[in-house]
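Asks: Next come the chains, spelled out residue by residue.
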Amino acid sequence: MANTENQHNFDNLWSDVCHLFPILSHEKHEYLAQESPHDDLTTMQAIVSAGQEELVEQLVLTEVESQLRNNIVPVFWQRFSVLDGRTQSLDPFKDAVDCLYESLASIVPILQSLVLLRQTAQTERQVCGQSSLLETFKVMVRASLHSQLPLNYQAITEDFYRISFKVFCNSENKDAEQNESTEDIFQCAGCGQEVELCQCQSIINAFHETNGKLQELDLLERLAGDVLTTLIHRRIESHVQETCKGSFDVPHIGSLEGWLDTVVMGWLSRIYSSGSFGFRESENKSTVSSVETLSKMKQTLRYFLYETYTRTRIDQLFNIIIEYPDSEPAVEDLRICLQKIDLRQHLTQKLQRALETRLLHPGVNTPDILTAYVAAIRALRTLDPSGVLLDTVTQPVRQYLRWRDDTVRCVVTSLTEEGPSDLAEELSRGEALQLDDLTPSEEDTKNWESWNPDPVDADPSKTSQSRRTSDIISMLVNVYGSKDLFVNEYRTLLADRLLSSLNYNTEKEIRYLELLKLRFGESQLHYCEVMLKDIYDSKRINTHLHSDTNFNLDNQEFAITAMILSAQFWPQFNKETLELPEFVQEHLDTYTKAFETLKGNRTLCWKPQLGSVNLDIELKDRKVNFTVSPIHATIIWHFQTKNQWTIEELSQIMHAPATLVRRKITYWLSQGLLHEIAPDTFELVEESGPRVKGHIPADIVCDDEETESAMASAQEQREEDLQVFWNYIVGMLTNLDSMSLERILQMLKMFALQGPTTIEVSLQELRHFLDRKVAEEKLLFYGGVYRLPKS
Amino acid sequence: MKVTIKSWTGVATWRWVANDDTCGICRLAFDGCCPDCKLPGDDCPLVWGQCSHCFHIHCIMKWLNSQPVHHQCPMCRQEWKFKE
Ligand SMILES: [Zn+2]
Ligand SMILES: [Zn+2]
Ligand SMILES: [Zn+2]
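Just so you know, the sequences run in chain order E and S.
Per full-length UniProt numbering, the first sequence runs over residues 1 to 791.
Per full-length UniProt numbering, the second sequence runs over residues 1 to 84.
For the record, the hints were derived by calculation from the structure and aren't laboratory data.
Some clues are possibly wrong.
[Said to hold, decoys possible] Coverage of chain S stretches by chain E, computed from C-beta distances (three or more under 8 Å per stretch; other residues unrestricted):
(1) 3-13
(2) 26-38
[As the list claims (entries may be wrong)] Here are the simulated DSBU-like pairs of lysine-lysine, each with C-alpha atoms no more than 35 Å apart in a straight line:
(3) E:483 with S:62
(4) E:350 with E:298
(5) S:2 with E:620
(6) S:38 with S:62
(7) E:533 with S:6
(8) E:517 with S:62
Cβ atoms here follow ideal geometry from the backbone N, Cα and C, with glycine treated the same way.
Generate coordinates for the entire structure from the input sequences, incorporating the hints supplied.
Replies: Structure representation (structure tokens):
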């Protein structure tokens with residue numbers, strides 16, 4: 001009887017409970033249609049007095065969860081997998097979020113009833129680790145969403161944020177940037193629609209609405225966090241790339257930071273601050289947390305920005321260096337960034353690799369390497385005043401320059417070059433040379449209080465003093481570590497210049513010498529001073545001898561002037577011999593006698609192969625004036641007595657090596673005065689005839705070939721001899737494809753050196769010769785072997 | 001063909017006409033200069049003695065000044081007399 005009573009009561013109570021929580025009923029309509037005899041509060045009190053409030057809550061939450069799992073979440077995720085590929089619309093994501101929001105909002109009344117039930121029972125409990133039922137619900141939502149996460153849900157999310165970000169950027173930049181191409185005027189840069197149909201405002205509205213909903217549901221981070229991060233990172237990368245394109249002469253770090261703070265952070269803060277807080281406990285809590293989230297994001301993004309910018313600049317560093325000092329703003333940016341982010345190691349590696357691939361190979365000529373090295377010294381000095389970076393990065397450059405044998409000459413040439421050159425400019429700063437010196441200077445110990453430790457990547461074998469050497473010329477000299485080498489090279493160069501110009505005008509050279517003396521010290525350059533004085537004195541002696549009729553110089557058939565040198569102070573002259581025509585020798589002897597008379601107890605030794613001759617050549621049909629070297633003059637002179645000569649004959653009569661005569665005679669061939677009638681046999685062309693008519697410009701001053709060094713010509717002659725081997729080498733490489741240096745030498749010794757020419761060749765010499773061929777692109781060198789370039 | 005030389009600029013080195021290459025006192029080249037000089041030639045000339053030995057003028061002067069009593073040629077020990 002009691003059982004029936006109980007059963008009846010229970011049925012009534014259950015029916016009331018189902019009315020209160022329709023979700024529990026599987027036949028919803030029945031209870032909903034029925035008018036309940038009790039109001040909600042009575043039902044709750046009944047539940048509490050029956051001690052069943054916990055059970056009811058559990059039942060309701062189970063149902064809610066199954067609703068989530070079986071209906072709401074699957075429907076939500078389904079919207080993400082419908083489309084594959086990209087959309088150009090916000091709609092899919094927006095619709096999905098709207099639908100989710102609506103479905104979840106429909107649960108809210110149930111939760112409110114549960115809250116009321118707890119209040120009635122005056123109990124507090126934790127479900128899913130949350131004491132608030134709303135939070136419990138959110139945990140369930142997140143769990144359900146997560147458990148059913150489809151594979152490609154990010155595509156639609158990304159579209160949503162990508163499109164809105166574009167619109168946002170556009171609206172931010174509208175005033176700052178004008179449309180770049182006329183095409184864009186008809187098209188909104190934000191939404192891509194025609195300007196009249198611009199969707200930007202509605203996109204922004206939809207964007208805020210959707211973010212607001214996600215924020216309320218605490219789903220923003222979960223659903224969009226990764227996508228946002230990826231998107232922003234990509235945006236930063238492309239923005240940095242775009243910014244760094246082209247010139248290095250504008251600083252960017254400030255404008256990049258500004259861009260991040262206004263555009264990116266502006267966008268993010270709009271995302272995180274939207275929402276109407278329908279799902280929120282309190283407004284304060286969420287504001288605090290979103291401010292926190294934002295500031296944390298800002299910090300992370302800033303570092304990301306610095307890193308991206310730094311890496312981009314490091315990739316460009318070689319070009320930045322080449323353009324220094326125009327690129328100073330870029331260098332300065334990099335300097336600031338390196339203080340924030342430690343990418344020194346990366347920089348060192350990258351730059352060294354760039355230097356190696358773009359600079360340190362035989363295809364680049366030495367002056368270019370030097371120019372780059374000087375630019376690197378300057379740029380890296382700005383980048384890292386401690387000098388450590390410079391020291392480490394340029395180590396391979398120095399090593400390479402040491403290996404090249406024309407380095408000193410190139411340095412000296414550009415030091416004293418006319419016109420603007422970096423080194424000449426450095427030279428005119430007139431500082432004393434600072435050479436590597438491992439003993440600590442007095443200054444080091446005196447300024448101990450301002451001492452700073454070297455960075456960790458510093459080479460401990462060098463003092464910081466020597467590393468901080470700021471002087472470029474000193475750094476170049478230090479490539480060799482010896483002043484003498486430089487001074488000697490300068491002396492040779494000066495000798496060449498004085499003897500090739502032959503114009504007694506030493507003003508400019510004296511000026512350079514004064515500058516060099518400041519650098520290298522007086523005593524080192526004393527020889528050069530005497531050389532310049534020789535030229536100056538020669539001029540005076542010439543004037544004197546020619547003005548005094550006692551010396552009989554003016555009765556001569558042609559005027560002789562002389563450069564009279566103090567042999568002890570000049571570099572060694574080459575040992576080429578040359579027998580001048582008797583007629584000429586007589587004139588020289590007259591001059592010598594005049595000199596002996598003037599100077600008493602002193603005489604002259606002529607260097608017959610040096611100097612310059614001005615002569616008229618009269619042929620049957622023409623008269624031409626030439627300025628040539630003595631050997632050229634001698635060759636053509638002999639064709640007066642006989643109009644056909646062989647190299648052998650000329651070589652004998654001139655006491656000059658056949659190779660030299662052969663080389664020099666080509667000048668007259670090129671002028672059309674001689675032609676080769678048989679190998680090594682030449683004939684005078686008395687009448688130019690139609691073949692060469694019009695090809696002979698009058699008053700030719702020999703150029704290029706004739707400016708060759710009087711000092712180094714022996715080496716050049718050597719080069720000429722090696723040229724003989726070139727055909728052999730080409731032949732070998734055609735047959736064997738590729739060969740090492742040693743192998744080439746071995747083969748040459750076996751075959752080429754067996755012939756009538758008995759030229760010895762060293763490995764070193766051959767290497768230089770082949771390297772020159774590589775530089776001329778007639779040969780390739782990689783992987784330790786030489787090849788012919790594919791034609 | 002007729003070749004007419006209009007002018008000729010030649011290059012020569014000068015040297016002292018002496019029976020030796022180096023100064024017997026300082027052992028440096030006659031064509032250079034004595035240890036006290038910077039510039040050769042006119043600024044540091046040679047002188048000959050009647051014994052036909054020759055020296056940098058600065059070298060022999062220094063030598064003679066260091067010989068308080070008898071002025072002798074440092075090479076042959078004959079009495080030093082400048083050749084006229
Ligand atoms: Zn002497
Ligand atoms: Zn002297
Ligand atoms: Zn004597």
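Asks: Take the hints in turn and mark each one as holding or not.
Replies: Hints, verified against the model:
1. Interface restraint, the region 3-13 of chain S with chain E: holds (11 residues with C-beta to C-beta distance below 8 Å; minimum three).
2. For the region 26-38 of chain S, the stated coverage by chain E is satisfied: 4 residues place a CB nearer than 8 Å to a CB of that chain, which reaches the threshold of 3.
3. Proximity of residue 483 (chain E) to residue 62 (chain S) is assessed by CA-CA distance (about 34 Å); at most 35 Å being required, the pair is judged to hold.
4. Under the criterion of a C-alpha separation no larger than 35 Å, the hint pairing residue 350 (chain E) with residue 298 (chain E) is consistent with the structure, at around 29 Å.
5. With a C-alpha separation of about 9 Å, the suggested pairing of residue 2 (chain S) with residue 620 (chain E) holds against the 35 Å cut-off.
6. For the hint linking residue 38 (chain S) to residue 62 (chain S), the alpha-carbon distance of about 17 Å falls within 35 Å, and the restraint holds.
7. With a C-alpha separation of about 27 Å, the suggested pairing of residue 533 (chain E) with residue 6 (chain S) holds against the 35 Å cut-off.
8. With a C-alpha separation of about 31 Å, the suggested pairing of residue 517 (chain E) with residue 62 (chain S) holds against the 35 Å cut-off.
Of the numbered hints given earlier, the model fails none.
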